[in-house]
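Student: Put together the whole structure using the sequences plus the hints.
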Amino acid sequence: NNTRAHVRFAALNANGRNGTNFYHKENRWNEINRMVYNEKVGILGLGETHLSGEQVDEIESIYPRLHILNSYDPDAPGKGGVAIVLNRDLTNIKGVIVHRLIPGRAILATIPWHKDRTLTILSVYAPTGSAAENRDFWWEMGDLWLEEDLPVPDGVGGDMNVVEDPIDRLPHHPDHAGAVEALTRFKKILELKDGWRMTNPDVKAYTYVHLATGSHSRLDQIYVSPTQFKTCRNWVIKDVAVGSDHRMVAVDIHAPGSPFIGKGHFAIPLFLLKDTDFIEQAINKGCSILPDDMPEVSAQAETVSIQRRFQLWKENLQLYAQKRAKESVGALEQKKNKLQKERDGILNEENTPDLPSEPQERRCADI
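Just so we're aligned, residue 32 is where the sequence shown starts under this note's numbering, counting upward by one.
It is worth saying that the hints were derived from the structure and are not from the lab.
Possibly wrong hints are sitting among the right ones.
Unchecked claim - Pairs of lysine-lysine residues, derived as DSS-like cross-links and limited to a Cα-Cα distance of at most 27 Å, are as follows:
hint : residue 1 : residue 2
1    : K224      : K146
2    : K369      : K71
3    : K316      : K269
4    : K369      : K316
Unchecked claim - Computed beta-carbon distance windows for the label pairs:
hint : residue 1 : residue 2 : range
5    : L304      : E171      : 49 to 59 Å
6    : D167      : H296      : 46 to 56 Å
7    : E85       : K56       : 15 to 25 Å
8    : G109      : E179      : 24 to 34 Å
From the three backbone atoms N, C-alpha and C, an ideal C-beta is built for every residue, glycine too.
Tutor: And the structure:
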């Protein structure tokens, strides 16, 4: 019964299965399973899953970490689809109550959480065919809570396929008024807040890039209740190693009253334990904790205790570990981090007459 006081909630458009062989290393679910582990995701709202019930059973047998609550359109199981994926290592899968609201579009789950608390999560994949279809979807979603006895979600995540604010498009422009009105109505009915935008009111960041045009959109979003927003931390939009054309959005949800947990003390990365240079440095310095070898204590060699020398050795080793870890990061990872910083810098630089929005979006798309 894994009921930790905090859980990472994420949302991602899976962009399909990438084949029907779930054992293949490039299959989307192999990548999702690895991402859930690496990113410590407890609850994942997944859109565009393209899964039937039989395929869900097969995936769960291959990847026992994952418990998949799936909703698909019975008339077209190979299209659309939405799911809530629970990480068995981090969340409780017993006693979950599921509401499949709109087949292949919206699924709601109430999950037993910390102590006697529950967490209600809604995962959506809104229509993208037309603005009218998107508008009708959000209008229907609002009506469901007005007409049915449904629990109010603590968190909503997914591909909304519409944005309320022009800043969430590049080039900036308003979306279809009817679709925006319907989404706004839905959020008002459930009193939902766009947590990432409230935390980053002026930041430009996007989850989807249309490669043909270079346009950017923040289609993938997470909404939370006002009460839950107070206990949410670490709102992120992040590139993940899943072969989707969307970026992941995520947030850490904490139980009300739980203590703040920071980043903690520095820990030597495990990969350094196999690094020859680091091991040699640790051994050589550890075997020579003598005044002459440590300038910090040479002047007071007569009075400095072995405990103090040991402390200085640990501090110096930590500094070397941090330096060596940065040097040891692969060239590909360094290039990735550099490009991400470059992209974020371009998106949030001030526009000038010499830098219209079109070159700005194209430069980001090229990255």
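Student: Does each hint fit the structure? Answer for all of them.
Tutor: Quick rundown of the hints versus the structure:
1. K224 with K146: holds, 26 Å
2. K369 with K71: holds, 24 Å
3. K316 with K269: violated, 39 Å
4. K369 with K316: violated, 34 Å
5. L304 with E171: 49 to 59 Å: holds, 55 Å
6. D167 with H296: 46 to 56 Å: For H296 against D167, whose Cβ atoms are near 53 Å apart, the range 46 to 56 Å holds.
7. E85 with K56: 15 to 25 Å: Check passed, 22 Å falls within 15 to 25 Å.
8. G109 with E179: 24 to 34 Å: Distance hint for G109, E179 holds at roughly 29 Å.
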